[in-house]
Amino acid sequence: MSELVELYAEYGDCLDEGDLERWVDLFTEDASYRLTSRENHDLGLPLALVRCEGRAGLRDRAMAIGRTAVFRPRRMRHLIGAPRVVAGADDDTIASRATFAVFETIEGEETRVFLTGRSFDRVVREGGRLRFRERVCVFDASLVPGSIVYPL
Amino acid sequence: MSELVELYAEYGDCLDEGDLERWVDLFTEDASYRLTSRENHDLGLPLALVRCEGRAGLRDRAMAIGRTAVFRPRRMRHLIGAPRVVAGADDDTIASRATFAVFETIEGEETRVFLTGRSFDRVVREGGRLRFRERVCVFDASLVPGSIVYPL
Amino acid sequence: MSELVELYAEYGDCLDEGDLERWVDLFTEDASYRLTSRENHDLGLPLALVRCEGRAGLRDRAMAIGRTAVFRPRRMRHLIGAPRVVAGADDDTIASRATFAVFETIEGEETRVFLTGRSFDRVVREGGRLRFRERVCVFDASLVPGSIVYPL
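Protein chains in written order, with this note's numbering: chain A, 175 to 326; chain B, 175 to 326; chain C, 175 to 326.
Chain A extracted, bound-state conformation (with noise of 0.2 angstroms):
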């Protein structure tokens, strides 16, 4: 397997297992993360619903999420197409997109459709593997369901 796509696998697999310090290792040092809507994203509206800059930043959205007391957990599933390389990256950068599915259940009840959408991501090596040096998420509904904003 391509080291891409195990890049976007283990992605995937720390969010889901709720590794979020592995997740934050996953960004370069100085990378940037966003989370919008494919409304917002489409009209270029730079509303974004997560907004983190740097390791520093996701590692505060990261304790954020960890702190927040919840009734009742809820675990997430990603499934995650194949990573498409974008023509025009430069040589150090990959520039690739993905879609992705995530999946929710809720302790007591059958699980759903959370979210579906499309990644717009940098990826560069960086200490020795792939890193995302950015990484914009953009989902097809126009609310994400819930009150608590998970990364995606």
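Don't read these hints as lab results, they were simulated from the structure.
C-beta atoms are modelled at their ideal positions from N, C-alpha and C, and glycine is treated no differently.
Any given hint could be a false lead.
What the hints assert, rightly or not - Simulated DEER-style distance windows between Cβ atoms:
# : chain 1 : residue 1 : chain 2 : residue 2 : range
1 : B       : L223      : A       : D204      : 47 to 55 angstroms
2 : A       : T267      : C       : R241      : 55 to 63 angstroms
3 : A       : A238      : B       : P220      : 36 to 44 angstroms
4 : C       : R241      : B       : E177      : 29 to 37 angstroms
5 : C       : D204      : B       : D193      : 47 to 55 angstroms
6 : B       : V259      : A       : E283      : 33 to 41 angstroms
7 : C       : V298      : B       : P247      : 31 to 39 angstroms
Once you have looked at the hints, place chains B and C on chain A.
Just chains B and C now, kept in the frame of chain A:
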């Protein structure tokens, strides 16, 4: 990533992004496309919900969709499993199959499963890239939800 | 496509097409199969909803399913993420994990999410091809919907 995997990923992208001109271009000039239910397929019935012959037929279908006035727009999202190359294809043609799940997001609603199924495809190299010469999409449900039939 | 990816894709196909004989053949003679909830798995509980030892055990399970009279047939559809090879496997065994989503279509109804989860697998080369020596399927929900337990 292999060229075949890339073809399927691009195919899903074209439909999800509504880029139907690019979608037509992923077929050969003499391609045939069919969309049918699993029930019909298993019974060997020639019935198909959609049938297009050649790029001209595909283009007609794409234009028909573009002209349809829609009250509430819906967005589709394809997730496509690893394509399997089936033994028995001749030298020039790749016979492959892939599982798919298509999700639908109607404006203002939550994302839900639209259809799942499997495609039976014949892929050839033409004009410097892989293209579908035949694509038969077999969905698991008896009916397609909604009134407009998008290709899968 | 790598042989490991192909194994997973074929595995899903066998179950989706109801070809349970071919499904059994994807395991080694001494294979063990277990289906359990994430809750049990995370707590380290030995409880399993399904447990099969050896191909004989898998064949028994397949036959039990074949004999079950069903009022309204349901069709399953597996979507399997890229398998991740986990470090630490010895020379002969591949330890891999893969995310899955299984969809269900009951006759006359719309397709819905059945279960999502992750499998923890040990794969070996036997008889000229890769086969599962161990497969532990861990689903995210607490319960499996419906009354008949199909393997995942």
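Outcome of the hint check:
Roughly 50 angstroms separates the CB atoms of L223 (chain B) and D204 (chain A), a value that falls within the hinted 47 to 55 angstroms. Checking the proposed 55 to 63 angstroms range against T267 (chain A) and R241 (chain C) shows it holds: the Cβ atoms sit about 57 angstroms from each other. For A238 (chain A) paired with P220 (chain B), a C-beta distance near 57 angstroms fails the hint of 36 to 44 angstroms. Our hint of 29 to 37 angstroms for R241 (chain C) and E177 (chain B) is violated, since their Cβ atoms are close to 44 angstroms apart.
One distance hint, 47 to 55 angstroms for the beta-carbon pair D204 (chain C) and D193 (chain B), holds here, with the actual separation near 50 angstroms. In this structure, V259 (chain B) and E283 (chain A) meet the distance hint of 33 to 41 angstroms, their C-beta atoms being roughly 39 angstroms apart. Here the CB-CB span from V298 (chain C) to P247 (chain B) is close to 50 angstroms, at odds with the stated 31 to 39 angstroms.
Checked against the numbered hints above, the structure breaks hints 3, 4 and 7 and satisfies the rest.
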